[in-house]
Amino acid sequence: MFRIGLPVAAAALALTAYSTTPAAAAECDIIPIGAAISLTGKYATNGYHTQNGYEFAIKKIAENGGVQVGDKCYNFKVTYYDDESKGDRGATLAERLINQDGKQFMLGPYSSGLTKAIAPVTEKYGIPMVEAEGASRSLFNKGYKYLFAVLSTSEQYLASAITLAAEMAEKEGKDPKDIKVAVAVENDPFSLDIRAGVLEDAGRYGMQIVVDEKLPRDLSDMTAILTKVKLVKPDVLIVSGHSKGAATAVRQIGEQNVSVPMVAITHCEAADVVGNFPDFAENVLCSTQWAETLTYEDPIFGTAANYEQEFKQAYPEYKEKTVPYQTAQASAAVYVFKDAFERAGTLEKDAVRDAIAETKLSTFYGNIEFSNAGNNIAKPMVLRQIQNGKYKVVAPSEFASDELVWPRQ
Amino acid sequence: MDQILFNLGLLVEFPIVNLKIIIDGLLIGALFALAAYGLALVWGVMNVKNLAQGDFVIAGGYVAWYLAGLGLPPLLGVPIAFVVMWGIGWIAYKLVISRVIERDLFTSLLATFGLAIMMAQIMNLLFGSDTQTLDLGYQTLYFADGLIDVPIAKLIGVSMATALAVAVIIFMKRSRMGQAIRATAQDSRAARVMGIDTEKVYAFTFSLNSAICGAAGAIIVMVWVIQPFYGITYSVRSFVIVTAAGLGNLPGVIAAGLGIGAAEQYGSHIFGIGYQQAIAVLLLLIVLLVKLMLQRRKRQVLQ
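Note that the protein sequences, when read in sequence, are chains A and B.
According to the numbering used here, the first sequence holds residues 1 to 409 in order.
According to the numbering used here, the second sequence holds residues 1 to 303 in order.
The following block holds chain A by itself, in its conformation from the complex (with noise of 0.2 Å):
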């Protein structure tokens, strides 16, 4: 159509980018990149959400001047393949992607599963891969060079609230070493990050670890628990089993009456804890990598909360939810590749990937800095209390929106 109406278009395009941006969109040249997403199968939905995510961050970068590379403006555009949820499929399609397609640069795709079945591919020739979407911390053990992820590692889920009982103690002026932790979380690579992050962290405050058991997968039963936790009285609660364990467990404490001061938990959304138990979901802490309540804010999207809402007309069909984490972090991840082709002053992979490698960067997804094997060290993980059946912001207490109600009723 533009091919057509050329003239027209143009003189059209000229105009509209007159009365919104100084530097039209149209006039920039292409960076092509890469991404294998899971668009079919069981990561389908949050699949969208990433590529929602990317795609979202590549028309606001448009928007606002598109990438300046040198002298010259430049524009992403993405090449999608559909990876079907399958680790094999993802590593065939990351092959094709860079051989066939000539990709130089790539995006993540969805979940660590297929983050582990891309990473050795785009390692191979040294295609800097920026992903958005792989918490496992056994992806950052591997010495790779060319992979980095915006979010935090799934050992500091629960991590936080170790912090945050360390500083409540100290409030009450209170040793951190006398507060006792609780610790059950599911016998998978994932939840067993989730606990050895918080022992690491509890162990640096010499707190004691009071109860430590691993749930089965099947199991949807936690009274043993919870009694043994009636018994030994601990301060903190950590509970990591998907949306099941959450379910369960805060199903069974309201239930048990389990008073502890703290409960964190992960999966509240998932499981919908609120509306399914509305009275004993009160006060209980949940872990996630974003909230738009945050007062992180950029250039670019603005704050968190303005993220949030010109996401949401962008994409009526999130109007009546709340935009979750998984799109956010995957417009970071974009912008983490805009920031680095701008420093870098060329489009060659290895100065481009060397420039994401010092990125310093402040987002509306938290700030962006990345350690020596790929992974953010500069952005925490978020708490949220669900006080009032509503999700505030707790922790980190400089991001935070609202007090912490501690100890928990």
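Some clues are possibly wrong.
Label pairs and their calculated CB-CB ranges [stated by the list, open to error]:
# : chain 1 : residue 1 : chain 2 : residue 2 : range
1 : A       : E63       : B       : T140      : 33 to 43 Å
2 : B       : L294      : A       : A270      : 42 to 52 Å
3 : B       : T140      : A       : S401      : 26 to 36 Å
Worth flagging that the hints you see were computed from the coordinates, not collected in a lab.
Please read all numbers here as calculations on a predicted model, not as lab measurements.
All C-beta atoms, glycine included, are put in the ideal place defined by N, C-alpha and C.
Starting from the known structure of chain A, arrange chain B on it as the hints suggest.
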């Protein structure tokens, strides 16, 4: 080891906890016993080892959950799940089970295993893979300084399970159909000679089993959580209980169910919750060993 000693110490230090563990165990065991009773019936009457037992339980749970979502009172879900699952059981019998009754052990095992996979995947497609539960909003009763807690929802669930079990027992003892089922279980050929339509008895038995499972599932969704792939938990427990109690031994099934519930709770308190299922299987091994030793001197014709 330290952990185990510490846990044992807790039991001594707070003796009341023993009571709490037993109560919890009995409440769980009652529901295991219900599902196991259905299995004992099918196993005994038709000699079909139904590996899809747990999936019938979960399906019943989804029926109750779905109806509650439409606004029906959750307790009504139990009788409705009983009826709906009766129908599904009958269909499953006509489609699959009736073709494998006369076949050998492995055919029926494979067929019901396939049925289990099919049911789990269909539920996954229909209801999604999220965990579901119903909260009745009832209070919890507390005793002994709050150390013992009995959620009223659990009490209601167990009462319904008991009522159902009693009803089934009376039905088996008194009704014509109950007599026919027992006769078929004893000797199906003789029963046929005596004019019992064994085909009808089989269909009835399997549907009844499915309905009992459905009711158990409807209770479970009110007390715990369900998910399309949790059926195997209940299948395993049912097999353990029936094997331990022996076929056609109804009081035995109930006692074994309650006992396994309590033993699991004790085991998971002492050794850690990760070993809960291991306790059930260990108990089965012990029972089988003891049985084997007792039967060594008994000579019997192979059937």
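So, going through the hints one by one against the coordinates:
1. Between E63 of chain A and T140 of chain B the beta carbons are some 55 Å apart, a value that contradicts the proposed interval 33 to 43 Å.
2. For the hinted restraint 42 to 52 Å between L294 of chain B and A270 of chain A, the CB-CB distance of approximately 50 Å keeps it satisfied.
3. Hint check: T140 of chain B to S401 of chain A, Cβ distance near 33 Å, so the stated range 26 to 36 Å holds.
The structure fails hint 1 only (numbered hints given earlier).
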